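A.B. asks: Sequence:
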Amino acid sequence: MKPLFQTHLVNGHFGDPVVYVDFLFDRRALLFDLGTIRNLPPRKIMRLTDIFVSHTHMDHFNDFDWLVRLCLGRPVTLRLYGPEGFIDRVEHRLRGYTWNLAAGYVESLTLVVTELHEGERGRAARFECRHNFTREAEGTVELPGNVLLQAPGFRVRATLLDHGIPCLAFALEEQRHISVRKNRLAELGLSTGPWLKGLKQAVLQDAPDDTPILLDDGRTLPLGRLRDAIIDVTPGSKTAYVVDCAYTPENRTRIIELARDADELYIEAAFTAADASHAANKQHLTGMQAGQLGRAAGVKRLHPIHCSPRYQDQGGDPVGEALRAFAGEVGMGRLRFEK
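Numbering (the numbering used here), first residue to last: 8 to 346.
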């Protein structure tokens with residue numbers, strides 16, 4: 008059964024932590040963090056609709072300018088999300104350039120920027136190319152449950168972690184997985200086509216059984232009949248993304264809650280357990296801590312990321328350490344907090 012989306016680690020274990028999420032049945036893609044993205048083909052970048060930035064340290068935000076450059080002159084709206092102060096940082100990056108020719112573009116790039124604060128609230132603002140990327144339409148927003156994006160079939164929610172500064176971690180959750188029994192389609196004399204998208208959306212929205220579903224040939228059939236005959240509904244998939252945080256009791260609790268029962272967890276494993284004191288000083292996780300957190304959250308697959316490049320040149324294996332801890336091969340009974 009194909010999931011709604013597929014994830015891809017863009018820069019490997021030791022590069023900038025960027026995860027690309029491609030939606031299989033829709034013209035959209037998401038991005039977790041905006042460090043180096045030049046390994047992505049422009050066609051993939053142009054599919055992006057929403058970008059979730061954990062914080063604005065350089066390795067998580069340095070290719071913002073590259074993204075804007077690619078999208079200039081195109082009818083693109085990009086939604087970006089980050090922690091408190093994110094709108095200011097986006098504005099500062101945009102104001103570093105001269106936009107005297109921006110009004111001449113036939114098509115206009117628009118950036119809609121939302122920042123999450125404590126207390127399930129935040130702020131949002133717009134920056135439009137045709138208006139020289141002037142900060143506009145700013146105001147407060149309510150974000151119940153820290154849900155940043157709610158779309159048909161899925162949502163993205165966040166939690167605030169402590170990295171010496173606010174840092175966001177994210178969970179992408181498929182509402183439910185809707186699949187079509189193609190053998191039953193043929194038996195009913197129906198064919199695949201765009202009409203199935205409308206059927207799936209009606210199922211996800213729990214529309215009444217008598218809701219008419221328009222077929223490609225112009226006929227309509229009631230939702231209830233179609234759902235019972237050709238639709239299977241199963242729990243949706245979940246992907247969590249966690250980077251740059253200290254190993255503290257509050258962070259640990261928030262990470263486990265966010266990632267609980269995820270199909271995939273992308274989590275930083277910056278240092279090895281032998282360098283735990285250094286990790287604590289830098290407010291990062293070790294591989295052992297990352298693996299233990301994934302195991303405590305009950306995730307199915309662990310992807311250690313954002314490992315220090317030092318381990319490419321000297322001894323130490325934070326990736327292997329994280330995977331062994333996740334499998335319960337090391338560190339059992341030692342789920343503790345580093346001082």
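It is worth saying that the hints were derived from the structure and are not from the lab. Mixed in with the good hints, there may be bad ones.
With a Cα cut of at most 35 Å, we get these calculated DSBU-like pairs of lysine-lysine [what the hints assert, rightly or not]:
1. K204 to K307
2. K307 to K189
3. K51 to K204
4. K307 to K51
5. K289 to K204
6. K289 to K51
7. K289 to K307
8. K204 to K189
These figures come from a predicted structure and were not determined experimentally.
A.B. asks: Hint by hint, note whether the structure agrees.
C.D. replies: Consistency of the hints with the structure:
With a C-alpha separation of about 29 Å, the suggested pairing of K204 with K307 holds against the 35 Å cut-off. A threshold of 35 Å between alpha carbons decides the hint, and for K307 with K189 the separation of about 29 Å falls inside it, so the pair holds. A distance of roughly 22 Å separates the Cα atoms of K51 and K204; the hinted pair therefore holds under the 35 Å criterion. A hinted pair counts as satisfied when its Cα atoms are at most 35 Å apart, and K307 with K51 qualifies at roughly 27 Å.
Taken as a hint, the K289 and K204 pair is broken in the structure, with Cα atoms around 47 Å apart against an allowance of 35 Å. Between K289 and K51 the alpha-carbon distance is near 33 Å, which keeps this suggested pair within the 35 Å criterion. For the given pair, K289 sits about 28 Å from K307 by alpha-carbon distance, which is consistent with the 35 Å threshold. Between K204 and K189 the alpha-carbon distance is near 14 Å, which keeps this suggested pair within the 35 Å criterion.
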